[in-house]
Amino acid sequence: MKRILIFYFTFFISIITIAQDSLGYYKTIAKEKYLAENYVEAMQSYKKAVTIDANDYEAQMGLADCKHKLDLFKPAIENYNIAEAINDKDAKLFFNRGAALIFIEEYKKAIKDLNKCLEIDSEFNDAYYYLGYASASLNRYNEAIKYYTKAISFNPDYAAAYYNRGAAKAELKKYEEGMSDFEIALKKDPQLENGKINLALTKLGMKKYNEAISALTEIIDEKGENLAKAFYYRAEANYEIKKKDLACEDWVKAAKLGHQQAGENANTFCGSNLNNKGKRAIEIVF
1 MKRILIFYFT FFISIITIAQ DSLGYYKTIA KEKYLAENYV EAMQSYKKAV
51 TIDANDYEAQ MGLADCKHKL DLFKPAIENY NIAEAINDKD AKLFFNRGAA
101 LIFIEEYKKA IKDLNKCLEI DSEFNDAYYY LGYASASLNR YNEAIKYYTK
151 AISFNPDYAA AYYNRGAAKA ELKKYEEGMS DFEIALKKDP QLENGKINLA
201 LTKLGMKKYN EAISALTEII DEKGENLAKA FYYRAEANYE IKKKDLACED
251 WVKAAKLGHQ QAGENANTFC GSNLNNKGKR AIEIVF
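For the sequence shown, the positions run 1 to 286 when the working numbering is used.
Hints in this document: simulated from the structure, not taken from any laboratory. Quick caveat: nothing in here was measured; it's all calculated off a predicted structure. Incorrect hints may have been included.
[Claimed, not checked] Derived lysine to aspartate or glutamate pairs resembling DMTMM-like cross-links, with alpha carbons at most 25 Å apart:
#1 Lys108 to Glu78
#2 Lys223 to Glu183
#3 Lys173 to Glu119
Go ahead and model the full structure; you've got the sequences and the hints to work with.
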């Protein structure tokens, strides 16, 4: 009886050892770590999985996605390329690689991948959003607006799509339309990054200087991350309505916060020997 028990125990240990060295084991561990947002450990398990079977699509995609999450975009793209050679029918692959290409500013390649994603799955909503972003980055603002509008048609609560569509419209000097999109975006997500500042800049572009000053003052009072930018553009607005002293005060404040153009404007337009002739053009950067 003792010999039989020893045999079964040895056999059981052998099964565990084999299981722990199997492809499925490492993929299961990797998925658990990935869902727990422990991307480093997930990546290590996926690496072991592809060592066992380099042609396992799920493992290659998982390894690529971990690298993507860790901002290792070029290495992620390399694994997406390997995954594509195994299976080129997965919309998610082309979307994820397209997003990674955007992060390294390879916008034309990203557009190609995102379009391929939509060929496979025409309702892959986020692909339209990223197409809008890539198009806007190439200054193709009309195309960007089209893609953002498509993303919104699938998800009417897509705050980021409203916001970026507003920015694209503002770049085309369609300020009224841009302002409307910024307002919708902020209603849907009051914490939207840069939403308030770009709404204020749109009012500035429309020459609604007093409204812009009020909006920028609110941002300044919040003392957020756009503080230097808010001081700079409030100075621009005050200068346009002939409140030079206030403009100079704000340019100096913005310069002290590291805004280079503000320092140049303070030196140029606030010097004691200033002889300002002609009209200044405000350059708005959204």
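Status of each hint after checking the structure:
no., hint, verdict
1, Lys108 to Glu78, "holds (17 Å)"
2, Lys223 to Glu183, "holds (21 Å)"
3, Lys173 to Glu119, "violated (33 Å)"
Of the hints listed earlier, the one the structure fails to meet is number 3.
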